[in-house]
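Chains as they are written, first to last, in this note's numbering: chain A, 1 to 87; chain B, 1 to 376.
Be aware that one or more of the hints could be misleading.
[Stated by the list, open to error] The calculated SDA-like cross-link candidates involving lysine to any residue, where the alpha carbons are at most 20 Å apart (straight line), are: (1) B/Lys-250 - A/Lys-21; (2) A/Lys-48 - B/Trp-255; (3) A/Lys-21 - B/Thr-129; (4) B/Lys-250 - A/Asn-9; (5) A/Lys-48 - B/Phe-222; (6) A/Lys-48 - B/Gly-257; (7) B/Lys-250 - A/Gln-57; (8) B/Lys-250 - A/Leu-39; (9) B/Lys-49 - B/Phe-222; (10) B/Lys-263 - A/Asn-9; (11) B/Lys-250 - A/Val-38; (12) A/Lys-21 - B/Arg-45; (13) B/Lys-250 - A/Trp-37; (14) A/Lys-33 - B/Arg-251; (15) A/Lys-33 - B/Ala-260; (16) A/Lys-48 - B/Lys-263; (17) B/Lys-263 - A/Glu-29.
[To be verified] Derived list of chain B stretches under chain A, where covered just means 3 residues or more per stretch with a C-beta under 8 Å from a C-beta of chain A: (18) 145 to 154; (19) 189 to 202; (20) 253 to 263.
[What the hints assert, rightly or not] One-sided excerpt, in silico: chain A residues whose CB lies under 8 Å from chain B: (21) Leu-27; (22) Val-32; (23) Gly-35; (24) Asp-36; (25) Leu-39; (26) Phe-44; (27) Ser-47; (28) Ile-49; (29) Ser-50; (30) Glu-51.
For the record, the hints were derived by calculation from the structure and aren't laboratory data.
Note that the Cβ used here is the ideal one computed from N, Cα and C, for glycine as well.
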Amino acid sequence: MELLTERENLALVDVGGVRRKIDVGLLEEEPVKVGDWVLIHVGFAMSKISEQDAADQMRVLAMLGEDEAAMREIEGYGLGERWAGTP
Amino acid sequence: MRFVDEFREPALITRTAQEIRRLADPTRHYRLMEVCGGHTHAIYRFGLKDLLPSNIELIHGPGCPVCVLPMGRIDDGLSLTEHPEVIFTAFGDMMRVPGTRGSPLEHKARGADVRIVYSPSDALKLAQTNPGRHVMFFAIGFETTAPSTALTLMRARSLGIRNFSVFCNHVTIIPAIRAILDSPDMRLDAFIGPGHVSTVIGCRPYEWIARNERKPIVVSGFEPLDMLESVMMLLRQLKEGRVEVENQYKRVVPWEGNRAALKAMAEVFQLRPYFEWRGMGFISQSALRLRDSYAEWDAEQRFQIPGVRVTDPKAAQCGEVLKGVLKPHQCKLFGNECTPERPVGALMVSSEGSCAAYYNYEHLKTAMVSSVASAL
Numbered sequence: 001m002e003l004l005t006e007r008e009n010l011a012l013v014d015v016g017g018v019r020r021k022i023d024v025g026l027l028e029e030e031p032v033k034v035g036d037w038v039l040i041h042v043g044f045a046m047s048k049i050s051e052q053d054a055a056d057q058m059r060v061l062a063m064l065g066e067d068e069a070a071m072r073e074i075e076g077y078g079l080g081e082r083w084a085g086t087p
Numbered sequence: 001m002r003f004v005d006e007f008r009e010p011a012l013i014t015r016t017a018q019e020i021r022r023l024a025d026p027t028r029h030y031r032l033m034e035v036c037g038g039h040t041h042a043i044y045r046f047g048l049k050d051l052l053p054s055n056i057e058l059i060h061g062p063g064c065p066v067c068v069l070p071m072g073r074i075d076d077g078l079s080l081t082e083h084p085e086v087i088f089t090a091f092g093d094m095m096r097v098p099g100t101r102g103s104p105l106e107h108k109a110r111g112a113d114v115r116i117v118y119s120p121s122d123a124l125k126l127a128q129t130n131p132g133r134h135v136m137f138f139a140i141g142f143e144t145t146a147p148s149t150a151l152t153l154m155r156a157r158s159l160g161i162r163n164f165s166v167f168c169n170h171v172t173i174i175p176a177i178r179a180i181l182d183s184p185d186m187r188l189d190a191f192i193g194p195g196h197v198s199t200v201i202g203c204r205p206y207e208w209i210a211r212n213e214r215k216p217i218v219v220s221g222f223e224p225l226d227m228l229e230s231v232m233m234l235l236r237q238l239k240e241g242r243v244e245v246e247n248q249y250k251r252v253v254p255w256e257g258n259r260a261a262l263k264a265m266a267e268v269f270q271l272r273p274y275f276e277w278r279g280m281g282f283i284s285q286s287a288l289r290l291r292d293s294y295a296e297w298d299a300e301q302r303f304q305i306p307g308v309r310v311t312d313p314k315a316a317q318c319g320e321v322l323k324g325v326l327k328p329h330q331c332k333l334f335g336n337e338c339t340p341e342r343p344v345g346a347l348m349v350s351s352e353g354s355c356a357a358y359y360n361y362e363h364l365k366t367a368m369v370s371s372v373a374s375a376l
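Chain A on its own, in the form it takes in the complex:
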């Protein structure tokens, strides 16, 4: 994860090679830093998770064949860039 300066609480995350902007405003109490792993829901980081747990989760999603669905959802989080204007 990379922090962006164009707006407060905006971060760039890499999800399996796809880079998306997300909002980290809900993690104020446990500030995030570059390289952290986070659980994302509707474009917002909800909680920090350990790198090991994150790697396990990604591997399991891939094994279950659910990684593609997860990626499709993540691609939607453009904070307006790609999808919001598209019906």
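Place chain B on chain A using the hints.
Then chain B, alone, in the frame of chain A:
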């Protein structure tokens, strides 16, 4: 088709399933409710019930936000599309949910400006880029999603974006669990607690379930092994006579929840005195509305809302299925008049709805389940 050796530690899945069989008293029938729609989806998706002994019954709870929304609220939200300046935005899983005069997608086909967003932030951005229009976000979800709506509204206010509003349907999970426990036709032994709601509210709000209702509850993750472990932890409590709140999903859920998220919710929302839930009727203090300090961004205050109440189609038994009284396939419409392609009720639309999950997965036995089940 997935194979057993592809799974993380298939031996662990087998061992956990065996331990569950060892713990289960064969003379007893166990009724465990999974509160969360994500768990219902996982149970059918992975055929988990086939790994459990037949005297463990999983009852599907009310934790599917699309499913519990009464049709009147959908009609109310869609009534705003009659204003030519309004852009109606919602998450994708709302788009095919039927209202009296059709779903949001059908309104779109008739010319309404209806758009899918993946995040409330996207709706706010749309308002910024369309200053001549009014963007209304049809907000649904439990405590998992409500903080994101709250933060988006806080941002709208701080940026002074006034062509944006929220039609708020956020609901809270605890009053729904209370309503189920108060229901005379519902006998439950224990709960599989919601995972992602708990990242926000933490585990403390469930303590009364153990203390006052004497029901064990285990907050659970969503992988097959997570859910089996949670069932095992519940059976251990029942066998040992313990009644506690336990957290199986520690890697994601902190015991105290997410304080920043709770703070954002408290800043923007207040409890409604009561709210109607599909199939469960009016439940007091079970939903959120915008505080008066956010009235300018509250679609219900900015626009005239008809406030319609619609009874569900008589033949559909969504309410009974939602309460766990009926299994999806026991509804008269299941699979014939009501299918994912032509849904009559919302439970057949959302991927977290028990009818859609049952319809899509129940007859698909994965190789993993068959081979693990045959090893038991």
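Requested in this report: List in ascending order the numbers of the hints, as given earlier, that are violated by the structure.
Outcome: The structure conflicts with hints 1, 4, 12, 22, 23, 24, 30, although it agrees with all the remaining ones.
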